[in-house]
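Asks: One-letter residues, chain by chain:
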Amino acid sequence: MKKIAMMIFVLGGSVSFLFAQENCRVQREAPLKLMSAELKRGQKVWKKLNPPIYYLSYTYEDKTAQGIEVSQDGLNRYQNRATTLAVRARAGSPKMDNTRLLKGDNNRDRVFVETVEGVDPFAQDNTAFRMALWRGTQKMAEAAQEELGRVETDSRISSQRQDDSDDFVVPPVSRYCHTQEAVSFDLEKIGALLRKASALTRGKPFVQGSYFEFSVEQGHRYFVDSSGTQVKTPFLYARLNYDLFNQLADGSKLKRNKSYEVTEEGQLPPEEKLLADVRRSLDELEALTHAPEAEPITVPTILKNRAMAVFVHEVLGHRLEGHRQKQDSFGKTFTDKIGQPVTAPFVTVVDDAPLRNFKGVPLLGFYEYDDEGVKSRPVTLVENGVLRGFLMSASPIKGFPVSNGHGRGNIDKQPVARMGNTRLIASESVSYDELEKKLLAEIRSQQKPYGYIIEDLSGGFTQTATGDAQTFKLEPWLVYRIYPDGRKEVVRGADIAGTPLVSFGEIMAAANDEAVFNGYCGAESGWIPVSAISPSVLMHSLEIEKTAKSEDKPPLLPAPDSLTKGETK
Amino acid sequence: MKRIGILLFTLLSFGVAFAADLPDNVYFRAMKDEMQRSLEQLRLEDHPAPYYISYWLTHTYDVEIEASLGALVPSLYNAQDDGYMEATVFVSVGSDQQDSLGFVDTEWGYRRAEWGLGLFNGQTFLGYGTLRQRLWWLTDRAYLQAANLYQQKQNYKQKKNILSSLPDVVPSPSAQFVEKITPWTQPDIKGIQETVRQISALGKELPFVENFTANLLFKREDRYFLNSRGSFGQYIVPWQRMKLRVTFRQSDGKTSSMNYTFWLKDDSPAEMARARQEAQNLLARVRQAYAAPDGEAYVGPVLLKPRAAAAFLEESILRDLGKSKPLLLAYADEDKGAGKWYKKRHVRASTSLLTLYDRPLQRTFEGVSLARFFPLDDEGVAAENLTLVKDGYIQDLPLTQRPLLASHRSNGHAYIASQYGPREGLTNVFVEPKLIWTDQQMEEKLLSRCRELNLPYGYILHDDSPSGDLGIERIYTADGRKETVLNLKWDGNFASPRDLRNVLAVGGKSELVSNFSDKVIITPSILLQEAELVPQEHKPHRKPFLARPK
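Here the protein sequences line up with chains H and E, keeping their order.
Per our numbering, residue -7 is the first one in the first sequence, and the count goes up by one each step.
Per our numbering, residue 13 is the first one in the second sequence, and the count goes up by one each step.
Isolated chain H (complex conformation) (with noise of 0.2 Å):
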């Protein structure tokens, strides 16, 4: 199952950071070095194994943490350092070896990496760190070594596989160090802001909670294999955010949020912004903790900008994936559809990892190698409505023999084809009100009561192994509904749901508004951090039904928060 969870608000201004330069050697950098001479000294011994251990790689992350959150007059900040070295082994032949996906297995109980956490090349005794890499590199030799065997056993038991493409294709070397210096922000000033933004919340009967963060990782990954590839590349990724909540008698759940992706303090919203954002998600939250809830329906929906890209990753994007395409388990929706239309011939859909922002706005998906250490580009996944290709890692697949740099994971996960920054573009498109008036005439000539229209969501999922319903599901926190007249009304508990390629091919028209959703999607290779750009679609037909609810009781006494001053003491 996947998720993308979070959402990011549209931010103008320059951004600064990450510009993709070579700046530094990778001779000279601590991490890399080591790695790469205990490669080096092992480099014989491996390849003489029974079976061989025919490719290592490590990756080390070296991650700054910091923030600050207020809630309720209370206020909290943190720092941390985190260090973590990962060895992935392969045994047997890029043929065949230990990583092969096992016949109607999930794999959750197989090792394909050995993390150590703390570890530090750039202490002034190195030591620790190059033990960590022999542990670790013994341990996961002896289990990619048992794994093969596994995987051997099993390819001589199932039925035989669809797809026989190779288990892996050795990447092509690359050189590349990039070094940024940590970009600093004045968690005072910072917090004085939040505090004045919560502060809004207070005397809110409607508000049950709130919460308003500020937080920023930022970092260096540094790759390295045995086939000499040596990349260093830093990371960023500075987030505001806040979270309103309620919870209504019946157990339906109401939020509003907001974030602001930023590179540089200078990219925070100014104060009046932030206080003016803040009270329009109060009165969002307060018109619906007094809204009526959605019914079950099938009609006419615009997908508002945001809510269409998130729609696009989920219900297209993740379907897209190669290693989908290649393991019997998965629903392979478009495996055989290359060069065929599967939506409107206006839409063109990339993948566009290099891209650092877009519209003054910070892509989270933006990555410049992939965490196999291939150099990440853009790929066209969908031209002028007919399927070109799929994000593609390490795991090649028929018709696709190498790697697009879209192998992403956790450091703790064994990367698989992720996508970074997906984004739909329309050939064609209107302005947005020429698109509620587009939704109008629809509702009209299809005879419905009303339509709907997406404002925001929060995330959804999508299923895509055969095993499961191979349906998508997303979740919006402020739906509108939409009547003939044009007369709209705010609805509570509307979950859109539905079908990848017949949803897909409900477009009918875009607008010309394109906005980025940034968040961070949960897959089997663990959670990891995307963009998607869309403008407002206009679709024939979306299912709307109903949210699950809380089965927990509301509070019996109003927050104290929400009381007046005299109450409170």
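It should be emphasised that the hints constitute simulated quantities derived from the structure, not laboratory data.
C-beta atoms are modelled at their ideal positions from N, C-alpha and C, and glycine is treated no differently.
Each hint should be verified, as a subset may be incorrect.
Derived lysine-lysine pairs resembling DSS-like cross-links, with alpha carbons at most 25 Å apart [said to hold, decoys possible]:
1) H/Lys196 / H/Lys265
2) H/Lys36 / E/Lys521
3) E/Lys551 / H/Lys131
4) E/Lys521 / E/Lys446
5) H/Lys196 / H/Lys131
6) H/Lys40 / E/Lys231
7) E/Lys562 / H/Lys36
8) H/Lys32 / E/Lys192
9) H/Lys131 / E/Lys216
10) H/Lys25 / E/Lys216
11) E/Lys348 / E/Lys277
12) E/Lys202 / H/Lys55
13) E/Lys562 / H/Lys32
14) H/Lys265 / H/Lys181
15) H/Lys367 / H/Lys405
16) H/Lys32 / E/Lys231
17) E/Lys231 / E/Lys202
18) E/Lys555 / H/Lys131
19) H/Lys131 / E/Lys266
20) H/Lys131 / E/Lys446
21) H/Lys40 / E/Lys446
22) E/Lys266 / H/Lys40
23) E/Lys277 / E/Lys192
24) H/Lys329 / H/Lys390
25) H/Lys247 / H/Lys265
26) H/Lys39 / E/Lys562
27) E/Lys355 / H/Lys25
28) H/Lys196 / E/Lys44
29) E/Lys555 / H/Lys39
Stretch by stretch, here's where chain H covers chain E in the computed footprint (C-beta under 8 Å, at least three residues) [what the hints assert, rightly or not]:
30) 46 to 53
31) 216 to 223
Guided by the hints, dock chain E onto chain H, whose structure is given.
Replies: Chain E alone, transformed into the frame defined by chain H:
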């Protein structure tokens, strides 16, 4: 009528408590205001209102430094100035005669809320508003669960025809313990980092050591308690410990690991020197273990050094001694082990050589702070020191306000453990010998017993685990020579209550061997008349493909 009387008493004591010397700080203001509001207004239709509420707020500051093989582990996570806050909220509904306590409706006992408990474990939110907000939420959740439990408990008692003449609670007088909370000052971080780094570097000296980690934790808990019976407390519990972890490869290729924890007074040079000495002692044992022989099956006397003695006592008596009154379980016929020692209080429990005390009011042992200093318990009752076992018989049992007899009186030993609401618990357990023996005399006693039995050697157990790779020494009867042996384990259960009567001697230097928030144990060595040790099966190990890096 009685119910009205109880209510009046509660309100009266509540009012009196809040009018008294309640410390004037943000913690007590928030607790008092939310408690007052909840008692007055929190009410689920057709259910009894809360009649008892208690709040614990624990503000923890800590500094944790770790190093491995001469390099610091790069984490500043625990070096925060402002610490973090935990709240434990307990709510009971009904009345003293019949309340929601002492009943578990599901074996998933760890679900705190089922005991009417709430807890938040998070970062520091020091504002009054934040504390109120958190307490409001937790009190609400705890009340709903308590109301649910109350109903289930009544139904269960009716179904099982459980009748008792005893009330559910016999209230004790309120208690107060207040001391000044001084500002937290961090220890000398740089100095400690260097010490910890140097200690971890000692592991590099042994070629078969694959990792050696030293972890030093300085912690201080500022505790704030308030309940609706008028009890309140405010005090500090400091705590410092060093944890060493060594991983090494034995000469036959087998990889072994061992943790060794000890507690420190402070960060003074003398204490840091002691920490270094402990690390050297541990590595000396590793050196002995590297090429040590495997042990053979053995039946005979065994000397348990303090760590092993503590594990023995925990298994044989302490684990169940802390549960005086069985809980009412909806999912099982009995609360296993609970009430066992209450029933045995008139029969001989152990040899007369063993005396056990529980001392919640003791703050330190040889200058080291004890984690279970508890001036008032989790029901707000003044804690009392107890004599648990003397002259072979059970003397006192830890008691809460839940009565065992009509003449019941709590001795202030209610403890909210992670799984349950307040029930009986032990605090700082001290083992004291009847006769004063030195460590050497204890070994001589072991050897003499071995000679009586014509045994060529006896065994000394050091570890708190009965099958540790480093923890077993063979001592020869002929010359007192000692050697480490490997791959030997206790046969069957480590210890049972019957083994308490198997104690031949208690003595040697007392050590603080367990200093955790659930129990502290301070004990000397214990000599058992007879124990059975058997060899452990182990598979051959593959040697590393590559030699250890230089």
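Asks: For every hint, state whether the structure bears it out.
Replies: Tested hints:
| no. | hint | in the structure |
| --- | --- | --- |
| 1 | H/Lys196 / H/Lys265 | 20 Å, holds |
| 2 | H/Lys36 / E/Lys521 | 55 Å, violated |
| 3 | E/Lys551 / H/Lys131 | 17 Å, holds |
| 4 | E/Lys521 / E/Lys446 | 13 Å, holds |
| 5 | H/Lys196 / H/Lys131 | 56 Å, violated |
| 6 | H/Lys40 / E/Lys231 | 51 Å, violated |
| 7 | E/Lys562 / H/Lys36 | 18 Å, holds |
| 8 | H/Lys32 / E/Lys192 | 61 Å, violated |
| 9 | H/Lys131 / E/Lys216 | 21 Å, holds |
| 10 | H/Lys25 / E/Lys216 | 22 Å, holds |
| 11 | E/Lys348 / E/Lys277 | 38 Å, violated |
| 12 | E/Lys202 / H/Lys55 | 22 Å, holds |
| 13 | E/Lys562 / H/Lys32 | 14 Å, holds |
| 14 | H/Lys265 / H/Lys181 | 16 Å, holds |
| 15 | H/Lys367 / H/Lys405 | 19 Å, holds |
| 16 | H/Lys32 / E/Lys231 | 44 Å, violated |
| 17 | E/Lys231 / E/Lys202 | 17 Å, holds |
| 18 | E/Lys555 / H/Lys131 | 11 Å, holds |
| 19 | H/Lys131 / E/Lys266 | 14 Å, holds |
| 20 | H/Lys131 / E/Lys446 | 52 Å, violated |
| 21 | H/Lys40 / E/Lys446 | 66 Å, violated |
| 22 | E/Lys266 / H/Lys40 | 24 Å, holds |
| 23 | E/Lys277 / E/Lys192 | 21 Å, holds |
| 24 | H/Lys329 / H/Lys390 | 13 Å, holds |
| 25 | H/Lys247 / H/Lys265 | 20 Å, holds |
| 26 | H/Lys39 / E/Lys562 | 22 Å, holds |
| 27 | E/Lys355 / H/Lys25 | 68 Å, violated |
| 28 | H/Lys196 / E/Lys44 | 23 Å, holds |
| 29 | E/Lys555 / H/Lys39 | 17 Å, holds |
| 30 | 46 to 53 | holds (count 4) |
| 31 | 216 to 223 | holds (count 3) |
Checked against the numbered hints above, the structure violates hints 2, 5, 6, 8, 11, 16, 20, 21, 27; every other hint is satisfied.
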